[in-house]
Structure formats: C-alpha cells, structure tokens
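Participant: Position in the sequence shown (first residue = 1) + 1 = our numbering.
Don't read these hints as lab results, they were simulated from the structure.
Heads up, a few of these hints could be off.
[What the hints assert, rightly or not] The calculated BS3-like cross-link candidates involving lysine-lysine, where the alpha carbons are at most 27 Å apart (straight line), are: (1) K79 - K145; (2) K188 - K165; (3) K79 - K342; (4) K165 - K145.
[As the list claims (entries may be wrong)] Restraint-style ranges between C-beta atoms, simulated for each label pair: (5) G260 - N307: 20 to 26 Å; (6) D116 - R345: 41 to 47 Å; (7) I41 - S285: 41 to 47 Å; (8) S401 - T344: 44 to 50 Å; (9) L365 - T167: 30 to 36 Å; (10) N307 - T73: 54 to 60 Å; (11) W284 - G385: 21 to 27 Å; (12) T76 - E389: 43 to 49 Å; (13) S285 - G260: 52 to 58 Å.
Note that the Cβ used here is the ideal one computed from N, Cα and C, for glycine as well.
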Amino acid sequence: MRRARSAFTLIELMIAIGLGLVLIYTAAAGFRVAARSVTIANHMSLENSMLRAGYLAAHEELDFWTSLDDATDITRQKLRASGGTGTTGGPQGLPFTPFATVYLRSGGADVLADDESDTGWDPRDIAWSVNNPRSWYAGNMVEKCSGGTSDLRFGRYAMFTNTKRTPGTADFHAFPVTFGPLGGDGKVAHSWYGNQVQGLIDALGFYGLCEYMPANAIYELYRPDRSDGNDWFGTNPGGIPGWCNRPNGGDDWFNNDDGVQLTARGKYRNTYMTAYAIANPDWSPTGAPLSDNRRKHRVGYQNDANAMNTFNAMTSVPYRLLADRPATWPQVSVAVVRFIKNTRHVALCKVRWVSPLSGETVELSFAGFGTSLRGARQQRARSGGWAEWDNNTPNGTFSSPPANLDSY
C-alpha cells in the first residue's frame, strides 16, 4: 500500500523561508560589499592617478616655471614689470624683467670686451671664472658699517674698487689722513664687480641677485660717497652702501641681523637665519611685486608661526588640475615654492589632494631638481613666446643664442 506524500508543515515552511532569507541577505550583503569594494578601488585608483598627474605636473613646473611666468599668456607675466627706484637711481625689475629694460649696458661699450668699465650682464662662463680678475671682490672684507660709520683704519678701498670708473675728489667722503686729490688719471683698477652686484639686485631682486652671482660671491661694493642718511642709496664714509653690510631685522632689508654682523657677507650668512624667495605675483592685495621680491623671510631660528604662515602664503603659487572635473573627483593642486636657505637653492614641490566626499586632505611634499631662474629666463623669447634654441634653423643649429630675457 502506497503512503501518501505529505506537504511541508508550517514549521518546516517557516524554517525554509528563514533559511532562504538568510541566504539571500548573505548574498545581497556580499554583492553590496563587492560593489562597494569595486567603487572604493576605482576611487582610490582615480585618486592615485590624480596624484601621479600632480607629481608629473610638478616636475614640468620645475623645468618651465609657468606658474610664475607663462611665456604664451601676457596676462600671466606680472613678474616682467619694472618701476620704482633702484640703488643706482634707475628702475627696479623683477625675476622675469628683460635685462634690456632695467640692466643697461654701458654707453657704447661691448659687454663682452672684458673691460672693467663694462656694465650689463655678461653670460659667458669665462667672465665669471675664478681666474678672471674682474670676478674677484677687491674690497676690504673687515671694514665695518656700524651705524653708517667707518674710520677707514685699513685705508680707503674705494680708490681701488668703485662702481664709478673715474671718481674724483668730490666722490670721496672728507676724512682725515685718507682724504685728498687722487694721483694719476683717477681711474680705479676695478669697477666691473661692484656694478654687477648693484645691477643685478636692481634688475632681479634679492633672489635673482643670489641666483646670478657665483656661489662664493661677496655681496658688497664701493660707490661714490653719498652720506645723506638714506639707507639704500647712502654709503658709509668708506663708500659702502648700507644695504651691503648693515644688519637689519626688517623684512625689506637685504641683510639680516644674525649675530649683528657689520662686515661683508656671502650667501650663507644671509640665508642662515632668513631666506630669499620669489613671491607669488598675485599675493599682494595692493599689487606690489617689486617690494614682495625685495624682502627676506625669517624662517630660520627665531621664527614663529606667523612668519611661516606668511612665507607659505606669499611664496606658493598653487594651480588646480582639472578645474572642470566631476563633483565626485578629488581636487588636486600643484605648487612649486622657490627659495634660498642655508645657501641651498630649493624648489619645494607640493601636491595636495582633497576629497570632496570626506574633506580628507593629503599633501605630498618633495624637493625637486630643475631649471634655474637663469635657465627659465633664457627659455623665454624677448619678443614673446618660447625661445627656439634647438630648431630655429632648418638644420637645428644656430650661430648665436636666440633673443631671450637675458639678451640685449
């Protein structure tokens, strides 16, 4: 006799449904976790791609300096302006101001003639070689400038090195024993070096002066006496301008007050306590890039949070990658800060990533090696655009450098 097959009991049905729901929930949760994992992986991949793009953009900026001066966009060339009054009475320039505008040659003289009377920039390596007497500092390294005074106890060095090629008696401060008419034709032995120092600080500002002068340069010179109390234009009785060796803690003064040193300095002493930098051309609300690029930053010892915040804000020129990106994509900005500290010329790259979803911020900072300011200026054609160094003739050679910001 066959037994009739019975259906599920209610209890069995409830158990089966419960187990089914558990399986379905588990499967759904698994799919949800898998989908979220894929989304997170894709998002992290996108973030990493953006960071890589920022890293590459930073290296491109290291070479071309376009955040400070765009050779193809005249609206982004604020660092080519000139104005004000320099140490010689002429206009001041900025890091990308053409030399032909603010760093003039001596009248009729060939800037490449190896003559002490030359003024203007001489780009040849031989002009700055250590065996070239023109490149030597011929002044008194221990002559002090205490409160603008000097007793000239070691002699009047302005008779041997002076920015004026043929100074007369009126160009020297009346000082007992060392004062009197000059013998011979009055022509000093050395004038080229001093004219380079004052010409470059006028043409390029503090950072540019230190970049163009040799690494072992002494930032001092002698010029005709001007004891009128003016800090920048005036001199001590020996003929040394105050800005060369008078200590000063003010931001707008070339020397710092490190050790209250009163004598000639090189790059290390001036960048141990403080630093020189190229300022963001858009930082100043009053549009004063001339003064922004003629100041020092107290970022060494004795600094404080305010000084560091000002330095970071004033020297960083961040620009965003993919400004029109989707709203869910991370925001990535790139900046390269250029400054001189402890004699080291630093190009500090900053790649910053900000999540639009969580607000999380990550910054990758690293020092890079790229084109110098001098190289960047030679990349730019004086008439606009990029200078063609490697293809300005059909065969890819040229007999003379293309006209650039350093050319005359």
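Participant: Against this structure, judge whether each hint is valid.
Facilitator: Each hint, compared with the structure:
1. Between K79 and K145 the CA atoms are separated by roughly 38 Å; this puts the pair beyond 27 Å, and the hint is violated.
2. This hinted pair checks out: K188 and K165 have alpha carbons roughly 9 Å apart, not beyond 27 Å.
3. Restraint check: the Cα-Cα separation between K79 and K342 comes to about 25 Å, which is no more than 27 Å; the hinted pair holds.
4. Between the alpha carbons of K165 and K145 the distance comes to roughly 21 Å, so the proposed pair stays at or under 27 Å and holds.
5. As the Cβ distance of G260 to N307 is approximately 23 Å, the hint placing it in 20 to 26 Å holds.
6. Look at D116 against R345: about 34 Å separates their beta carbons, and that is not inside 41 to 47 Å.
7. Against the hinted window of 41 to 47 Å, the Cβ-Cβ separation of I41 and S285 comes to about 43 Å, which satisfies the hint.
8. Taken as a hint, the range 44 to 50 Å is violated for the pair S401 and T344, whose Cβ atoms sit roughly 33 Å apart.
9. With their beta carbons about 57 Å apart, L365 and T167 fall outside the hinted range of 30 to 36 Å.
10. Roughly 37 Å separates the CB atoms of N307 and T73, a value that falls outside the hinted 54 to 60 Å.
11. Separation of W284 from G385 is about 25 Å and conforms to the stated range, judged on CB atoms against 21 to 27 Å.
12. The given range of 43 to 49 Å is broken by T76 and E389, whose C-beta atoms sit roughly 23 Å from each other.
13. Between S285 and G260 the beta carbon distance is about 31 Å. The supplied range of 52 to 58 Å is therefore violated.
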